[in-house]
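Residue numbers (UniProt numbering), protein chains in the order written: chain A, 1 to 353; chain B, 1 to 353.
The hints are simulated quantities; they were obtained by calculation from the structure and are not laboratory data.
Positions of the beta carbon are idealized from the N, C-alpha and C atoms, including for glycine.
Keep in mind that a hint or two might mislead.
[Unchecked claim] Among chain A residues calculated to face chain B with C-beta under 10 Å, some are: (1) 207; (2) 276; (3) 315.
There are 2 protein chains.
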Amino acid sequence: MTLEGRFDGDVVRVAGDARQRFHDARGYGYPLEGNEIALAPVEAAHLLYRGDIAVVDTRSADSRTLAFRDFLAGDHGPDFGVQFLVYADLRSRGFYLSPAREPWLESPPDAAFAVFPRGSGPSDGEIEYALQVVGERTDLSATDLQAGALAVVDEESEITYFEVSSPDISGDSASSLPTGIDADLLEDRVVVWNPPETLYERTFYGQPLEGREYDRPTLQCSLLEAAHLSRNGALELDPERVLERGRTVEGDRFDRRLAVYTALRAAGVVPKTGYKFGADFRTYASVESVDELGHSELLIRVHPADHVFEPRDIALDVRLAHGVRKTMVFALVDSTGQAGGTINWLALTRLTP
Amino acid sequence: MTLEGRFDGDVVRVAGDARQRFHDARGYGYPLEGNEIALAPVEAAHLLYRGDIAVVDTRSADSRTLAFRDFLAGDHGPDFGVQFLVYADLRSRGFYLSPAREPWLESPPDAAFAVFPRGSGPSDGEIEYALQVVGERTDLSATDLQAGALAVVDEESEITYFEVSSPDISGDSASSLPTGIDADLLEDRVVVWNPPETLYERTFYGQPLEGREYDRPTLQCSLLEAAHLSRNGALELDPERVLERGRTVEGDRFDRRLAVYTALRAAGVVPKTGYKFGADFRTYASVESVDELGHSELLIRVHPADHVFEPRDIALDVRLAHGVRKTMVFALVDSTGQAGGTINWLALTRLTP
Chain A
1 MTLEGRFDGD VVRVAGDARQ RFHDARGYGY PLEGNEIALA PVEAAHLLYR GDIAVVDTRS
61 ADSRTLAFRD FLAGDHGPDF GVQFLVYADL RSRGFYLSPA REPWLESPPD AAFAVFPRGS
121 GPSDGEIEYA LQVVGERTDL SATDLQAGAL AVVDEESEIT YFEVSSPDIS GDSASSLPTG
181 IDADLLEDRV VVWNPPETLY ERTFYGQPLE GREYDRPTLQ CSLLEAAHLS RNGALELDPE
241 RVLERGRTVE GDRFDRRLAV YTALRAAGVV PKTGYKFGAD FRTYASVESV DELGHSELLI
301 RVHPADHVFE PRDIALDVRL AHGVRKTMVF ALVDSTGQAG GTINWLALTR LTP
Chain B
1 MTLEGRFDGD VVRVAGDARQ RFHDARGYGY PLEGNEIALA PVEAAHLLYR GDIAVVDTRS
61 ADSRTLAFRD FLAGDHGPDF GVQFLVYADL RSRGFYLSPA REPWLESPPD AAFAVFPRGS
121 GPSDGEIEYA LQVVGERTDL SATDLQAGAL AVVDEESEIT YFEVSSPDIS GDSASSLPTG
181 IDADLLEDRV VVWNPPETLY ERTFYGQPLE GREYDRPTLQ CSLLEAAHLS RNGALELDPE
241 RVLERGRTVE GDRFDRRLAV YTALRAAGVV PKTGYKFGAD FRTYASVESV DELGHSELLI
301 RVHPADHVFE PRDIALDVRL AHGVRKTMVF ALVDSTGQAG GTINWLALTR LTP
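If we strip away everything but chain A, and leave its shape as in the complex, we get (with noise of 0.2 Å):
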């Protein structure tokens, strides 16, 4: 038997046996009196799509289509229609999701839904996934990008799904370092004359001139390699005047870019450009020697932390990282500090639910 919803308020009450059908064998809604169970428009929207009820106040119910057809037209909050296709998407491939609301769950996380692990419902209260959800052209503030999963459906409704999690920032790469090598600072590089052989060979600063053969005692740095070398010493450099340069070159993008810089050195972990990989960073966990320079493990972008992403720049990143082996960072620098900021460090992955 088919059975009939009515919409009261922003649920949707369907009576007869639907807390056993659909409630306690299927996991949709929450329960009411007796057997009446509430859903959510996008749970009853599915149920419709289904064709397991039929909504009974809409213009043209005597179709099962038409019916669905009139549903899914309708005003049902703005992200109606990408949550629909993420709900019927994670159905489709067998999971249980609430809305992540009250009374549907007791402690709901800030998210769109809530998708329990595969094989479980509501009941077991366990939560695989916090899920958020939003469309190709939604603008996604890097505050609200938060530990657990992104669905993010495109222009042509097909959905990726992102973990969104903590990364273990840390390594044991050699630090020590010289004092007082001559350097030139030239328009946006600083040449380093005649350094010993571990800056470039055990602790990776630098490149050498023309090529990777380590020929002649010559390293061209970048403007933040010597920021932090004049900064500790090492170069016969005014760290001020490197700094000024960086400033004059990128703006406040320098500031945020070697606050990461010297915090991945402080951890341990040697960053290098990631220009090859539209990134600021690639890192290295362990540099003992660059002869036996292993694989970069991560991809490290910089970000204020204030910035808004567009979920097609995620898209890029990550699917360029996860092409290369890496794993994506964004690192989200609170500029209200200078080069001694609070980072917050996000890793994205490619989750195949």
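Given the coordinates of chain A, assemble chain B onto it according to the supplied hints.
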């Protein structure tokens, strides 16, 4: 015998047997009277670096290293630093190259350097690449990006080379359309009800609702697809309403993307969203059936004709495209026209000299 050079305006003149040693045998400079030659600063810097000449008019000419160091720190124009790095890199790879200026060349291309085919020099009259050179932080106007090659020097002095060319935009995909199919315009997508199976299966419009299986005759189309379909009478939907909605959610970008979408379809190429690759479109040149869909060939990013690139974004796009075995194409739309604007297509690929 080590020769000495002397500045004469913006060239360095070298006498002695310079013509034979440097110009005739190794392609440096251009010949003056007798055996004298004139060198561009970048050529002089390279011969200095190699110890082949010693420049006299530096502060401290008592050691070769110092002479080179002083030369490098001098003012030789805004891009001297990055141009020197590229010049030295290509020389170390066995290429001859000249400044793209008279009188080094008779009809110099509009670029920094003319690179000759490996094993050839300037006198052989053939140019392999007209090479533009920019630093990672240099803005690059789309109007300056032309067929040839591009070298980008990153902040750590590593160099990436790109080839810029005209892509082949043509295909033979199925194109016949139905007429007057029922459709609803939702918030930022269109639902197409009961279309003929060929609309998705053969011409690859839309995305079946809920997963890939085509078990229900309901398609979701992007606003671009719907604009194109409604303009061609395939949907019962006012094309102007779709266009308006597109502009509401995307602004001017919608018109540019529609111009590119339309041009691709007209060329027999099927564009689908490139969202997962951070691009506007991925394209298929020969779609006969979605069941036998091959690999998409191009990733297309749409920009206004006066767009200014950051080299880092180019690196990211080209790297990603390369990683997924597609070719990165920029579609530059002259926005003086609307949906029918002129499109300039540029393909960028990595080049390993």
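A quick look at each hint next to the structure:
1. 207: Holds: closest Cβ of chain B sits about 5 Å from residue 207(A), inside 10 Å.
2. 276: Where the cut-off is 10 Å and the nearest Cβ of chain B is about 6 Å from residue 276(A), the hint holds.
3. 315: holds, 5 Å
Violation of the numbered hints given earlier is absent; every hint is satisfied by the structure.
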